[in-house]
Structures are given as structure tokens and as C-alpha cells.
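Now that you have both chains on their own, put them together as the hints suggest.
From first to last, the protein sequence lines are chains A and B.
Start counting the first sequence at 99; every next residue gets the next number (this note's numbering).
Start counting the second sequence at 4; every next residue gets the next number (this note's numbering).
To be clear, the hints were calculated from the coordinates, so they are not data collected in a lab.
The C-beta atom is built at its ideal place from N, Cα and C for all residues, glycine as well.
Hints are not guaranteed to be accurate.
[Unchecked claim] Pairwise CB distance ranges, derived in the manner of DEER restraints:
#, chain 1, residue 1, chain 2, residue 2, range
1, B, Phe60, A, Phe235, 40 to 50 Å
2, B, Arg158, A, Arg329, 49 to 59 Å
3, B, Glu206, A, Gly212, 43 to 53 Å
4, A, Glu140, B, Thr77, 43 to 53 Å
5, B, Lys98, A, Gln323, 25 to 35 Å
6, A, Arg327, B, Arg8, 15 to 25 Å
7, A, Gly190, B, Glu206, 35 to 45 Å
8, A, Lys144, B, Ile189, 54 to 64 Å
9, B, Thr161, A, Val232, 20 to 30 Å
10, B, Gly96, A, Asp300, 21 to 31 Å
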Amino acid sequence: MKKVYGSASEALDGLLFDGMLIAAGGFGLCGIPELLIDGIVESGVKDLTVASNNAGVDGFGLGKLLDTRQIRKMMSSYVGENAEFMRQYLSGELELEFNPQGTLAERMRAGGCGIPGFYTKTGVGTVIAEGKEVKSFRGEDYILEEGIFADLSIVKAWKADETGNLVFRKTARNFNPPAAMCGKVCVAEVEEIVPLGSLDPDKIHLPGIYVHRLIQGEHEKRIEQRTVRKREEA
Amino acid sequence: MPWDRNQMAARAAEELEDGMYVNLGIGIPTLVANYVGDKDITLQSENGMLGMGPFPFEGEEDPDLINAGKQTITELRRTSYFDSATSFGMIRGGKIAAAILGAMEVAENGDLANWMIPGKLVKGMGGAMDLVAGVGRVVVVMDHTNKHGDSKVLRECTLPLTGKGVVDRIITNLGVLDVVEGGLKIVETAEGVTEDELRAATEATIV
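One chain only, chain B, in its complex shape (with noise of 0.2 Å):
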């Protein structure tokens, strides 16, 4: 059975360390942060907070105070403030260790296409490419299939590129593969996956 979003979520939970800052994109990586556990982890929002807490008690919603996808959210008792050019200096600069990220395409080399479709509604990259570009690692969370069943992991990305060479691992329903030299290797399936199955499903290098 592939892994479904909360099961990717818990697998992409596994990427993080004690003690590392992180960044959280939307839709299946916000899940990531329900996986935690006890281990110490800040979440940055982009918009400008380190300490990212739950979503509010009803009632208790403060329009001064939302994550970078616009829902209200709280503070913890580790939160700090600041402002857009201090948060994209941390996340340009480095001192962010991971950012978990949605894809609609990843290829062989790293390269990362989340932001644009051509000739449908472009909304905007946002802070993706700052974050791909800057933090220690990037983490992919996605289907590894459309709903057409074409590959996502593909040779080359079909779409206009977030980032170029920028990923390092991709967590899929099927499994996790990281980004090598030459191609991509299988880190491992998910239960009942096989890798015959997730070797059909892709169409990068695997090495």
C-alpha cells in the first residue's frame, strides 16, 4: 500500500533533528509538524516568526498574527518577531537547516518545479526560491504520480524551475529516493511498495 498524506507527513517528520529551525510549505508538509514528538524543533514562518504555534482557540484569532499561507495562527513561549528582510536574510543566509516543500515536478539533477504552469493562472513564486535557494537542506513531499498517472520524478523538469540542483530528498506515496550523482538512488519503499513498483512509476535515472 503507498503511503497516504498523513503517513508521507510522519516519514518527512523523520528528516528533522533535534534542535534544527525549519521551514514548512503548504498543503502535505504543514501535516509534518502534527509528527515532531518530542523532538525540539522552531518552525519559521517567512513572513517574520521563529516559533510557529497551533492555530488559535476560536474566539481567540489575532489578525496581527498569521503564517506565511495567511491563517491565523499563536505564538509559543520561544517566538520572536521580525521583519521580511531578517527573515529572508536567515533563509538566504543559511541558518535555516530545512525547508519540507510540495512539487509538481522534481528532476534527476535536483531541479524543482513548484510555482508556474504555463498558460494557466500564475499566482506567484512567493518565498520558494529565496527558501530553496538558501536553506541547508530541501526536503520534497509529494505524489510521485499526476492524475493522469505520469511520473513527477521525472528526467527533466517539463515546467518553469523554483530552483536549479536545489533538492536533496523526495518523499513520495511510494517511497524516498535522494538526489546522487547520475541520477536518483532509493533510500527505501513505503510497506508493501516494492521497488520494481516505484522504479515503473519514475521516470529519472535511478542509479
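Chain A with its partners taken away, still in its complex shape (with noise of 0.2 Å):
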């Protein structure tokens, strides 16, 4: 089975529809799919909801995705950082549903395991609690949180084989996996393809069938808070 495409608009064909569920990877602007988030804008399918910790900044990430009014629906643990977002949310133009960061982890990654909902004790007592069941196990209380069930999964990883399977780079590993597990159908786009049999199968971090497509492409990998030393200081 072919999973390679040749550009991001190739191996989205035939996967977008107007008012779709949709997982993305990547934390801040970290390992964010960059190249399918613009296959997505091109494409011009409608009254998305995307659930990824975050929104991108204005004009680069998910950004451009809420520049275009795509985006119907964000769910989501932190939406700082983006001017166009908070203007769309504060005119009631965009749905925003605020998840724990550790709640929407898990939540992708139930989805991905056949688990429909799972309890945890994160948010009890909270505005997140509101409206949903809570149980008692050894005396502690924990709310019913539900696994969520994509219609597509886009990713971003440093390499992979044509098989798909995947290895991720320090901190841009994030939410990638979980997303990936949690669609129907998963996208990724990789800074490499490299022949098979040249990954260790024991250093595989997300195994090729969470992988139904795959292109390969230059990244910009932008910095959103540049942190330094001064050599002196060492």
C-alpha cells in the first residue's frame, strides 16, 4: 500500500468535508504540521473543529486556519498568543471548549485505543466538572471525560519510512502521537523520508499503522519565545 504523496493538497484529497472533526499535533508552534494546516487553508473545507492544545499565533500555525474562518470550533488548553482568535471568540463567531492539557492528551489517546470515556480526577470541583458524571473509587472523586474520535489526525515527525513509521525530535514529539492515534484516517508530514529498514525498529515512537499518509517537506519551524544565556554566565 502506497502512503507516500507527493505534496500536502495530494494526500489530503478526498479526506476534507465541510464540518469535520479534526485531531492536530504539536505544542505552541513545536511540532506543529505546517504543511497540512496549509493543504487544509488551500482546500477551503468549512466549520471545522479542531481539537489541538493550541491555536498557533496570528498568521502562522492554526492561525492561518482562523485568518480564513475555517475553523468553527477550537478545543483547546491554552489560546494566548493570537489577536485574531480572541477577536473571533469574543464576537461569538468561534466555539472554544476549554480541555485540561492532561485531559485532552488522554482524551486523544482513548480515542485512539477504542476507550469511549475514562475518569480522572483532573478539573474535580472546577468549571470543567460542570455537566459531567462523577464517580467515587477509593473514596476520591474523578469525572467522566470522553475519548475523542477524529475524522482525520495531521501530524508532524523528523523522519519516517514509506511504512509510516515514525520518530519524533526532543520536545516536537508533544501531541502528536495521541493525535495521530485518535483519527480515522492520519496525515503525517516529516522532514525526512529515509529508506526502509534504515530507522532501529527498536527506536520507533509511533509505529507505521497509525499512519495512512505521509509526505515529506521544508519546514519553517518557528520560535515563539527565543530564550538565551550569555556564554559569560556558563
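So this is what it looks like as C-alpha cells:
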């Protein structure tokens, strides 16, 4: 089965429809599927619900899909650093569902593992618990959270082989594996597709069973907060 | 004299013991890393890293290596990386010994509010709700009063909660308080601050 495609648009062909739920990997601007986001912008698909920890910044990452008003709802844990997001949210054009970061990650992982719901103590006694079932285990309260079953996952990895086995780099791994797992179809973009057999099977971070389509391309990899120390401090 | 930011961070660093895995929040808690001295502490960054190193030298920034505040950082020889689900698995699972966090309000029953002011721009809770629900010990570091002089150490929180009954210890510019049965207990006061001064700045019940 051929997984490697020539471009983001080719890889997304036939997968997009209005009103769909997309799970996206990345944390801030680190490890985000830049090329596939561009491909979705180009497609013009709209009324999207996007499950992603953050919403990009103005003009970059998911911020591009906000600029074009293709997103109707975000499921996120933190959405600072994006003026257009706030404008649309405050004017009621954009719906926002806050999820605690660990709950969002676990909802994706659970969806990918065929687990429709799980109990967590995160958010007990807060607004997050409103309307959710509370159950006591060993004398402590937990709330019911539901797994996320996305129509499409878009993720970014460092390297892949042509069967879709993925290797991530440093903290760019973040939400990418759970996001990849929870989609009916997952499209991954990587910096390099390497020959079969050149990845150590013991060091695959995400097995290719989760990856259906694959592209390779150049990434901008923008830094959100450049913090450094002076050499004399060493 | 009340403690300044660095003195509060230094006092918070005394909470850490050799061998601990710890998560530090943004702001004063980040400064705690400067005061751990010879203690063998491993810092967790909830975006998927154990063994967080200092900021990189100029020119050595790596866009694939950031902390939970999205700042460029470095790795150490002990560093490991993992995905977000695994990261919060270790947080929720109680594997992280302590979290040191900032706060807007803390109540005498250990309730914590640090993510949302109704009517103001809400950016989100990030990983704070998971951290306070899951880690072994929650230490709050904050100013004792707000800029209007009102106490942030309250009988009950007025702001939406981050966690209910989750705080173990509060370190402020005036001193250190523990959450105990029936209220807060004064552990110590900052040098030159009297117990009366600390009580006067505290709305919560002191037992």
C-alpha cells in the first residue's frame, strides 16, 4: 500500500469535508503540521472543529485557518498569543471548548485506543466538571471524560520510512502521537523520508499502523519565545 | 522586610529534596531552579521532557526543544522525551513529587485559583488543573496581597478554581503557611516580618 504522497494537497485529497473534526499535533508552534495546515487552507474546507492544544499565532500554524475563518470550534487547553482568535471568540464567531492539557492528551489517546470514556481527578470541583458524571473510586471523586474520535489527524514528525513508522525529535513529539492515534485517517508530514530498514525498529516512536498518508517537506519551525543565556554566565 | 522574588524562590527551593522529580510553573517558580544548589533534582516540562536544562547559548536555540512556557531550553545528560499523554500520565499518576506554582488566590481549605478572571481575557488552564490534581505535593509561591493591598490568602476563593483542596503549602513574601485541619498554620515568617503583620495581611483562618 502506497503511503507516500507528493504534496499536502495530494495527501489530503478526498479526506476533507465541511464540519469535520480534525485532531492536530503540536505544542505552541513546536512540532506542528505546518504543511498540512497550508493544504487545508488551500482546500477551502470549512466549519471545522479542531482539537489541538493551542491555536497557533496570528498568521502561522492554526492561526492561518483562523484568519480564513475555516475553523468553527477549537478544543484546546491554552489559546493565548493569538489576537485574531480572541477577536473571533469574543464576537461569538468561534466556539471554544477548554480542556485541561492532560485531559485533552488522554482524550486523544483514549479515542485512538478504542476507549470511549475514562475517569480523571483533573478538574474535579471546577467549571470543567460541570455537567459531567462524577464517580467515587477508593473514596476519591473522579469525573468522566470522553475519548476523541477524529475524522482526520494531522501530525508532524522528524523522520519516517515509507511504511509510516515515525520518529520524533526532542519536545516536538508532544501531542503528535496521541493526535495521530485518534483519527480515522492520519496524515503525517516529516522532514525526511528515509529508506526502509534505516530506522532502528527498537526506536520507532509511533508505528506506521497509525499513519495512512505521508509527505516530506521543508519546515519553517518558527520559535515562539527565543530565550538564551550569555556565554560568560557558563 | 518582606522577601523579594528571589528570596521567595530560594525559600521554595528548600521544599525540594534530593532525588525529586519536580514541575515548576511560570514566573517566580521558574526562579526556584537557580536555588536548588547541590540537590539532585530532575525538572519536568509537561510538554514532554524530564531533565530540563538551562536556556541555550545564543545561536544554539533549537525550535524542537522548548519548555511548557514555549521558551527555548537545553537538554541534560539525564534527559528523556515523551509524548503529552505519557507526560500527563506521570503527572496524574502521582509520579511527580511536587509542583511549585503561582496563584491568584488560595483558600484555607487548600482551594487554588490561578487560571481565570471572569470578564477578563481567558487564555486557558494549560496543564495547571492536571498538575494540582496529580502531583504529590503542591506548593504555591505568590505575593501575600494583590496590588490593591487585599489578601490573596482567603477563607474562600472568589475566582473560578484550578483545583479543590489541592494546596499543601503557601510561600509568600511575608512567610510560609501550611494548609491544615481547620485553616492555615504559620510555619515561619520572613525575616523582619512579625506574626501579627502576617495575620493582618491574611483573610484566612489561622489556627
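Hint-by-hint comparison with the structure:
no. : hint                               : verdict
1   : B/Phe60 with A/Phe235: 40 to 50 Å  : holds, 48 Å
2   : B/Arg158 with A/Arg329: 49 to 59 Å : holds, 51 Å
3   : B/Glu206 with A/Gly212: 43 to 53 Å : holds, 49 Å
4   : A/Glu140 with B/Thr77: 43 to 53 Å  : violated, 37 Å
5   : B/Lys98 with A/Gln323: 25 to 35 Å  : holds, 27 Å
6   : A/Arg327 with B/Arg8: 15 to 25 Å   : holds, 19 Å
7   : A/Gly190 with B/Glu206: 35 to 45 Å : holds, 37 Å
8   : A/Lys144 with B/Ile189: 54 to 64 Å : holds, 58 Å
9   : B/Thr161 with A/Val232: 20 to 30 Å : holds, 24 Å
10  : B/Gly96 with A/Asp300: 21 to 31 Å  : holds, 25 Å
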